[in-house]
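Peer 1: Listed here are the chains, written in short residue letters.
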Amino acid sequence: MSWINALVQGVLLGGLYAIFATGLSLAFGVMRFVNLAHGDLAILAAYLVLSTASTMGVSHVVSLPLVVLLMAGLGYVGQRFVFNRTIGPDPLAGILCSFGIGVVVQNLLLARYTATDRYLDAGSIETSTIRINDSVSIGHFSLLTFVCAILLLGSLQIFLSRTSLGRAFRATADDPATAQLMGINDKRIYGFAMAIAFGTVGIAGFFLGARETFAPAAGPNQLLFGFEAVVIGGLGSLWGTLIGGIVLGVAQVFGNQLSVGWNLLAGHIVFLMVLAFRPNGLLGTGVRT
Amino acid sequence: MSRGSRIGTVGMTLIFVVLGFFPLYGSDRMQVTLVQVLTYLTLAIMWNLLAGYSGLVSVGQQGFIGIAAYSMFSMSELNSIDPFVSVPLSAMVCAAISIPVALLVFRLRGGYFAIGTWVVAEVFRLLTLEINVLGAGNVQSLTTKNAFSGYGLEVRKNLVFWSAWMLAIGATLTTIFVLRSRLGLALQAVRDDADGARGLGVDITRVRMIIWMIVAAWTGATGALIHINSATVTNRDAFSVASWTALVVFIVIIGGVGSTIGPYLGVGVYWIITEQLKQQNTWRFIVLGALAATMSVVSPKGIAGLIHRWKPFEIFPVTRRLEVGKE
Chain A
1 MSWINALVQG VLLGGLYAIF ATGLSLAFGV MRFVNLAHGD LAILAAYLVL STASTMGVSH
61 VVSLPLVVLL MAGLGYVGQR FVFNRTIGPD PLAGILCSFG IGVVVQNLLL ARYTATDRYL
121 DAGSIETSTI RINDSVSIGH FSLLTFVCAI LLLGSLQIFL SRTSLGRAFR ATADDPATAQ
181 LMGINDKRIY GFAMAIAFGT VGIAGFFLGA RETFAPAAGP NQLLFGFEAV VIGGLGSLWG
241 TLIGGIVLGV AQVFGNQLSV GWNLLAGHIV FLMVLAFRPN GLLGTGVRT
Chain B
1 MSRGSRIGTV GMTLIFVVLG FFPLYGSDRM QVTLVQVLTY LTLAIMWNLL AGYSGLVSVG
61 QQGFIGIAAY SMFSMSELNS IDPFVSVPLS AMVCAAISIP VALLVFRLRG GYFAIGTWVV
121 AEVFRLLTLE INVLGAGNVQ SLTTKNAFSG YGLEVRKNLV FWSAWMLAIG ATLTTIFVLR
181 SRLGLALQAV RDDADGARGL GVDITRVRMI IWMIVAAWTG ATGALIHINS ATVTNRDAFS
241 VASWTALVVF IVIIGGVGST IGPYLGVGVY WIITEQLKQQ NTWRFIVLGA LAATMSVVSP
301 KGIAGLIHRW KPFEIFPVTR RLEVGKE
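As given, the protein sequences belong to chains A and B, one line each in that order.
Numbering of the first sequence is given in the numbering used here, commencing with residue 1 and proceeding in unit increments.
Numbering of the second sequence is given in the numbering used here, commencing with residue 1 and proceeding in unit increments.
Extracted from the complex, chain A is given alone in its bound form:
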């Protein structure tokens, strides 16, 4: 029975990774940009929640929307004034720029907040559970995370397929030159896409911080998990990202069940196996740069 519980917990954990992966997936889908600072930005958002809550004297949950907006603004500005300048046929400059920014963010957090473990308080929901039977119980908070992942992916899907701005996103992703001819400002679209990506990473940072303790150096692991979810699910597939997150989450929880310390390794190995045997991912369309 403990395996069934592990499966349930793994699936729910997958929701968190899917939220992480959404921003990566969107930025890659729209502008073929891989932001290596993604994980560090999630941790930045978690610390911003801490700081805004304490300066404004409100709870962490209340300060979350503010931080998400702040992150989205940061994403827009960052894309318009920094990342857009690195766009070109060679992805090198963009990759390295974001890598540098990630290291800077991580070390600034270290300088400001020290390496002490911190956590966010999401209220009583953190500890309450739904008991299914003796060995399986579902935490309200994990369930909320998972539902949030589905809502996030669903609304992004609707946004991309139903709205005119979403259509502009897709047009720019397919062919920026022609989209420009049709009167779309691709640089602005990239800014909006990065705003959404940063916003979602802010949400991911909150859920991570409320789930476990975090420190400034926690970012890179989250980047790796989000990336693995994207590749396992398949590049270019939003719902694949959720499947990828679930596969990764289940692999990690099962690994932990096998032997303590194997949770990370099991997740990475499943990722490498997908890469070896299904390089386009489970639901991938084979989109490549």
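Because the hints were derived from the structure by calculation, they are not lab data.
Small disclaimer: the values here were computed from a predicted structure and weren't measured.
Where a beta carbon is used, it is the ideal one built from N, C-alpha and C, also for glycine.
Pair ranges (Cβ atoms, derived):
1. A/S161 with B/M12: 50 to 60 Å
2. B/Q36 with A/L181: 45 to 55 Å
3. B/N158 with A/T55: 54 to 64 Å
4. A/R170 with B/R107: 19 to 29 Å
Let chain A serve as the given structure and place chain B on it in line with the hints.
Peer 2: Quick look at chain B alone, frame taken from chain A:
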């Protein structure tokens, strides 16, 4: 060879020759610093060959440093092989391991390739935690009883210096040799136009594989030497992305990625900033990282690119020019 290249080559040779005698006239403190600078120079030259010339932007080179550290440790401390002999052997271990790694990560492109190499490095780190003979993640030391039997402290220090010196010279020569060879021509063709190069019969994967293995070997040799120098192997430090990839990447971006003198210029900046921020590791990363991020936006070819814009010249004779009208 142009006049600039001739002067550059002679100058560089002189600097390295003078540097080779450093233990005879220099101070101990400076020698320690120089070992660090030379090892970073080697890593930077190799990463530049990988990312700047072959389009393989790896941020997982710490994986090879860690593997080399543990392979050097198991050879010299556990199996009484001379530690300095274990340096080339560890390089071979890394080259061998790099083949299956390449088969996996070469399926990814651009930024995803970068993160893929990072994952693989993480896998190697986590695997070494599970191996009990290698200390299962506990700090392992090279002892005078086993690894360093027969070596006095002074001799050891000088051998470390000369090894670092030879690695840096070797890395420089390897780069020049590779770029002047057919392989280099193929690399530049692939970099400028991958589809066109493929159309003309360049086997991109083979070319990239050769470079990947050369860089893995050289990175491994450097990793083994770094840990002989420190005489300890710590899991987290041996596989540190910050120390062995981030700093190296920053050095190359600041100096000039895809330029042969880039790593030398970058390591100079690294040296200056490290000296200025001696006791503040965090701020060292912030300053170098911010400098690198700014450089990648403002001048993607780094300081070398800025110099080139002002006055085009070259220290190493590696650029191919089409000379019209000469038969």
